[in-house]
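Asker: If you read the sequences in order, they're chains A and B. Under the UniProt record's numbering, the first residue of the first sequence is numbered 1, with each subsequent residue one higher. Under the UniProt record's numbering, the first residue of the second sequence is numbered 1, with each subsequent residue one higher.
You may find that some hints are simply not true.
All copies of an identical chain are treated as equivalent in the list; a pair is satisfied when it fits inside any one copy or across any two copies.
Restricting the straight-line Cα-Cα distance to at most 30 Å, the calculated cross-link-like pairs of lysine-lysine (DSBU-like) are [as the list claims (entries may be wrong)]:
#1 Lys398 - Lys113
#2 Lys150 - Lys469
#3 Lys161 - Lys100
#4 Lys169 - Lys478
#5 Lys113 - Lys150
#6 Lys86 - Lys253
#7 Lys476 - Lys428
#8 Lys100 - Lys478
#9 Lys116 - Lys478
By construction, these hints were calculated from the structure, which means they are not laboratory data.
2 protein chains.
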Amino acid sequence: MFIDIKLDKNTPVYIQLKDHICELILRGMLRSGEKLPSTRELASILNVSRNTVINAYEFLQEEGFIYMEKGKGAFVSDVKVNFQEKWTVDWSSHINNYAKASEELDIIKHETKWKKGMISFKSIAPDESLFDVEEFKKSFLNRISIEGEKILNYGYAQGYKPLIEYLFKYMSNKGANIEDKDILITNGFTEGFDLILSSLTEKGDKILCENPTHNTAIKIMKLHGLEVVGVDMEDDGVSIDKLKEKLSKNKIKLSYFIPSYHNPTGVVMSVEKRVEVYKALKVYNIPIIEDGFNEELRYSGAHVSPIASLSGEGNSVIYIGSFSKILFPGIRVGWILADKKLINYLESVKRSRNIHTSSLDQAIFYDYLSGGNFEKYIKKARKVYKEKYEFAVECAKKYIPFNKLFGEGGLHIFIELNDIKSREVLEKCYEKGIIFTPGDIFYTDNRGYNTLRLGFSRVSKEDIEKGFKIIGEVIKNKI
Amino acid sequence: MFIDIKLDKNTPVYIQLKDHICELILRGMLRSGEKLPSTRELASILNVSRNTVINAYEFLQEEGFIYMEKGKGAFVSDVKVNFQEKWTVDWSSHINNYAKASEELDIIKHETKWKKGMISFKSIAPDESLFDVEEFKKSFLNRISIEGEKILNYGYAQGYKPLIEYLFKYMSNKGANIEDKDILITNGFTEGFDLILSSLTEKGDKILCENPTHNTAIKIMKLHGLEVVGVDMEDDGVSIDKLKEKLSKNKIKLSYFIPSYHNPTGVVMSVEKRVEVYKALKVYNIPIIEDGFNEELRYSGAHVSPIASLSGEGNSVIYIGSFSKILFPGIRVGWILADKKLINYLESVKRSRNIHTSSLDQAIFYDYLSGGNFEKYIKKARKVYKEKYEFAVECAKKYIPFNKLFGEGGLHIFIELNDIKSREVLEKCYEKGIIFTPGDIFYTDNRGYNTLRLGFSRVSKEDIEKGFKIIGEVIKNKI
């Protein structure tokens with residue numbers, strides 16, 4: 001019985017022994033009151049040191065699985081394990097519509113999956129090989145030495161104070177007025193957007209956004225039961241005429257925009273349009289949620305201030321920031337900059353959802369940012385991504401017969417084909433080892449059948465060329 | 001204008017200079033086309049190295065704030081910042097009932113606040129001085145060296161695979177059958193519970209739980225619009241008679257229990273009662289959410305298996321685990337063990353909420369746990385907390401005139417007074433520098449006015465004695 005134990009190399013032996021005996025007891029193979037072998041005996045059977053067995057027995061005693069009798073040895077405790085009665089619940093009858101919709105709209109589960117050896121243009125995650133792990137390590141060690149074990153205990157729902165201070169300055173440098181504003185740290189953009197919709201909308205409300213727009217945002221809006229009113233995009237942002245038309249015809253509650261390096265088109269909304277959008281929404285008093293997505297990845301042109309900066313001391317814009325498309329998305333840190341009173345509510349909602357964002361991650365991030373590493377990193381990343389972006393555009397022009405190519409930067413390009421279904425193109429490409437994101441998932445009104453998004457951040461130049469060539473050939477065969 | 005810059009010691013000078021010039025441009029104090037001082041000139045004005053100025057100018061150029069003309073110098077870009085139009089939104093008219101309720105039920109905002117110098121019995125967070133920071137550091141460095149920068153990029157919604165494997169084994173060691181089960185990593189218990197209610201309930205549904213129970217759970221149930229049906233507690237768990245009565249009189253959708261070191265009473269539900277509860281709920285086919293809270297903090301008695309173990313190969317119990325009351329709550333890692341099909345839905349809901357829990361934190365946690373550190377730590381922590389627990393009980397008996405004292409372990413004791421309002425006691429104690437948690441917040445039906453919870457995990461023995469003495473005196477003056 002004891003000899004059955006299979007030892008692995010990575011776990012201390014006494015823990016494996018403890019776990020094994022624990023299992024024997026729970027399975028009823030060692031019964032209440034039964035005597036265990038002496039530590040000496042078991043050590044010799046298993047060919048381990050006696051100390052190993054003593055350690056294992058001590059833990060089993062601590063955990064209430066065995067008890068010791070002086071001079072007599074170790075015995076199995078009165079662990080009651082005999083009762084077991086199978087009870088099967090049909091969960092499908094319990095799952096509500098929200099969870100069902102979450103699953104249905106979960107593209108990771110339902111879209112074409114990458115297989116080993118394929119070239120994937122699906123991802124717009126950053127290229128991790130650009131991450132400066134050494135500086136990250138330093139920041140960890142630095143924060144641990146400054147904060148000590150405190151940083152591993154509970155923190156504040158609003159966030160890690162030094163990080164909040166840093167971000168205030170960061171936002172101020174972008175031109176945002178921080179008077180009477182506050183910042184809430186979130187688990188990335190996704191949580192930020194979800195918290196805002198949870199707090200400001202009711203089922204059936206109408207929300208206005210660009211069309212196409214970020215597919216995760218569409219998913220979250222739909223999951224909140226909102227009616228999504230999309231406004232067509234032009235080369236320099238939404239069409240102002242169409243925006244005004246939609247505003248006059250609908251009772252809109254909230255609006256959502258990605259003014260810089262818009263996902264999926266990559267369009268940067270011009271300064272003039274930012275002002276027009278702002279003014280148009282002001283007329284109807286419809287607050288703006290601004291997604292700062294990829295704002296940092298500008299490759300050319302003069303600095304463009306976020307819409308948040310237009311409101312001055314006003315409070316009509318809720319800005320959601322995140323570095324996740326550039327830096328360390330795995331640690332899930334983003335933020336919301338908004339009116340102080342609004343943040344007060346969002347903070348309570350955040351607390352009721354998950355108490356707070358990992359203090360450790362916030363502290364490391366703060367240390368990394370405040371040490372000036374971000375500026376160094378972004379310089380390097382911009383250079384690499386800009387080169388790749390230009391190469392991707394060049395390859396697209398050379399190999400892919402398109403109607404229109406969108407995008408001024410970021411980590412992807414967006415292509416509109418002539419009258420060809422991109423999902424059919426994807427099917428053929430898949431056979432040839434290439435995948436990409438069909439553009440229809442970004443549309444609010446089932447259009448975009450002839451569009452596709454090509455993310456290049458994690459694809460080598462060689463593979464970009466190879467992949468685009470194949471995509472181009474598939475399309476040519478369809479014309 | 002340039003001389004105004006105030007330099008601090010913690011940020012690289014070129015970044016401070018860049019930020020300063022950026023501000024001047026955004027405030028319109030440096031206008032489009034305006035020439036900046038030469039790098040040599042500015043270096044001499046500011047008494048910094050010329051390289052510092054060159055670095056700052058390079059970044060400003062990168063970010064589109066200035067442009068360089070060969071042989072002529074640096075000029076301000078066409079950054080359009082003139083438009084600003086204050087627009088004030090009355091957010092209070094936009095905040096929905098859910099967010100309002102979140103704020104109202106947020107006890108951190110509305111309960112008596114700790115002030116410097118006070119003795120606080122409010123917290124049941126672990127004592128961070130017990131944390132083994134050195135081992136934590138090692139785990140970080142180890143994981144970073146194994147996983148590299150990959151761990152800082154996006155991960156899986158379900159969680160970090162090695163951690164999931166570890167927890168499967170951990171749950172199996174507790175007696176849970178893992179056949180056809182799966183695990184979802186969450187941001188602690190709070191998120192786990194919220195995800196489950198989000199996926200399985202509708203507004204107006206009835207949920208059954210112990211009364212009193214964990215106040216955060218009550219808050220989340222209420223925020224989901226659920227009707228909370230509480231069942232009175234006895235010394236060994238809920239009253240089975242009352243449970244059966246409530247079950248026969250109500251159409252219950254789900255149930256929630258904290259069988260071990262129940263919050264707030266500290267009661268451990270007996271094995272016999274676990275079986276009776278399980279059987280009673282099986283009759284009505286009402287699934288059980290089991291909160292594994294503090295299960296690890298047993299100080300005496302034989303091992304008691306979780307309710308999850310009673311279902312065998314069945315799937316009727318959803319187990320929520322978290323080490324947060326023992327270890328590293330600041331990193332927010334918990335888990336749900338449940339039916340595979342159910343986890344599939346919960347995973348999609350999790351993805352729609354915040355994509356995934358920090359991969360870095362999960363990886364460090366995994367490394368720490370699998371290295372056997374948890375066993376070492378829990379041994380130390382149990383010893384310290386047990387001693388404190390016994391001391392707290394001793395002091396309570398000595399100084400506080402109570403009707404009943406609850407609890408067999410954990411990080412707190414729960415006291416029922418004779419006919420005295422604990423909030424009035426709190427008011428007086430506050431004046432004397434002592435705070436604690438009034439017990440009414442744990443009740444589902446506005447009872448418990450004469451109860452209080454005393455958390456001792458972060459209070460020294462000296463302060464426990466001092467504090468309990470004062471609480472006792474205040475109560476005596478009220479009798």
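Asker: What label fits Lys113 with Lys150 when the C-alpha limit is 30 Å: within, between, both, or neither?
Answerer: This pair counts as between: shortest inter-copy Cα distance 20 Å, intra-copy 42 Å.
Asker: Are the CA atoms of Lys398 and Lys113 at most 30 Å apart within a copy, between copies, both, or neither?
Answerer: within (27 Å within a copy, 66 Å between copies)
Asker: When no copy is specified for Lys476 and Lys428, does a C-alpha distance of 30 Å or less occur within a copy, between copies, both, or neither?
Answerer: within (12 Å within a copy, 83 Å between copies)
Asker: Between Lys100 and Lys478, at a C-alpha cutoff of 30 Å, which is it: within one copy, between copies, both, or neither?
Answerer: neither (36 Å within a copy, 55 Å between copies)
Asker: With identical chains, the pair Lys161 and Lys100 could be close in the same copy or across copies; at 30 Å between alpha carbons, which is it: within, between, both, or neither?
Answerer: Result: close only across copies, 25 Å inter versus 38 Å intra.
Asker: For the identical chains here, do Lys86 and Lys253 meet the 30 Å Cα criterion within one copy, between copies, both, or neither?
Answerer: Classified as between: cross-chain Cα gap 20 Å, same-chain 49 Å, threshold 30 Å.
Asker: Can you tell me if Lys169 and Lys478 fall within 30 Å by alpha carbon in one copy, between copies, both or neither?
Answerer: Close neither inside one copy (52 Å) nor across copies (52 Å); limit 30 Å.
Asker: For Lys116 and Lys478, with the copy left unspecified, which applies at a CA distance of at most 30 Å: within, between, both, or neither?
Answerer: Only inside one copy: Lys116 and Lys478 sit 27 Å apart there, 74 Å across copies, limit 30 Å.
Asker: Could you place Lys150 and Lys469 in one of the four classes (within, between, both, neither) given a Cα distance threshold of 30 Å?
Answerer: between (54 Å within a copy, 29 Å between copies)
Checked against the numbered hints given earlier, this structure breaks hints 4, 8; the rest are met.
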